[in-house]
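Whole structure, please, built from the sequences with the hints as guidance.
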Amino acid sequence: MRPADPDRVIAAARSWLGTPYHDQASLKGVGCDCLGLARGVWREVVGPEPFLIPPYSRDWGETGPLEVLAEGARAMMIEVSPSEAGPGALVLFRMKPRAIAKHVGILTGPDSFLHAYERLGVIEEPLTQAWRRRIAFAFLFPQR
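Going by UniProt numbering, the sequence shown opens with residue 1, and the numbers climb by one from there.
By construction, these hints were calculated from the structure, which means they are not laboratory data. It should be emphasised that the depicted structure is a prediction, and the values quoted were computed from it without experimental measurement. Just to be clear, a hint being listed does not mean it is correct.
[Stated by the list, open to error] Simulated restraints, written as ranges between beta carbons of each label pair:
#, residue 1, residue 2, range
1, Gly29, Pro97, 34 to 44 Å
2, Pro48, Ser15, 17 to 27 Å
3, Ile53, Ile123, 14 to 24 Å
4, Asp7, Pro97, 27 to 37 Å
5, Ser83, Pro20, 32 to 42 Å
6, Ser57, Asp7, 10 to 20 Å
7, Asp5, Thr63, 30 to 40 Å
8, Pro50, Pro126, 24 to 34 Å
9, Met95, His22, 16 to 26 Å
10, Lys96, Asp5, 30 to 40 Å
Even glycine gets a Cβ: it sits at the ideal position worked out from N, Cα and C.
Here it is, written out as structure tokens:
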């Protein structure tokens, strides 16, 4: 599997800027959550989604033995070390210590990322140290 062009991933992700936040949705300009944003970028860069996404909880403090989001990404993307992730990479954030990774973003530069955030919708913001230390996994979109 070869990685997709990072510029193409970033352009697709930025085309979602301003989309309102809507839990478990994935429709550009209408509504999405963080996973819905990643799903929409996948459809634009790679093609049809390979499987249906089951309903999921919004609880960023959820604990458990299985990293569901990471396992799903691992099955269809190229995993890289978070320290090696660059622009165009999908990153999974662990929002609370000992919780599973439940938030998704796409790196747009060495110090910026794009994500869907409740009440704000899809935004691009600085990848501050507070965000950077929460990155638990990183993946590259595959080439079509």
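These are the hints, each one checked on the structure:
1. Gly29 / Pro97: 34 to 44 Å: holds, 36 Å
2. Pro48 / Ser15: 17 to 27 Å: Since Pro48 and Ser15 have Cβ atoms about 18 Å apart, the given range 17 to 27 Å holds.
3. Ile53 / Ile123: 14 to 24 Å: holds, 22 Å
4. Asp7 / Pro97: 27 to 37 Å: Holds, at about 35 Å.
5. Ser83 / Pro20: 32 to 42 Å: Holds, at about 33 Å.
6. Ser57 / Asp7: 10 to 20 Å: Taking Cβ atoms as reference, Ser57 and Asp7 lie about 34 Å apart, which means the hint is violated.
7. Asp5 / Thr63: 30 to 40 Å: holds, 37 Å
8. Pro50 / Pro126: 24 to 34 Å: About 32 Å separates the Cβ atoms of Pro50 and Pro126, which means 24 to 34 Å holds.
9. Met95 / His22: 16 to 26 Å: holds, 19 Å
10. Lys96 / Asp5: 30 to 40 Å: With Cβ atoms ~34 Å apart, the hint holds.
This entry does not satisfy hint 6, going by the numbered hints stated previously; all others are met.
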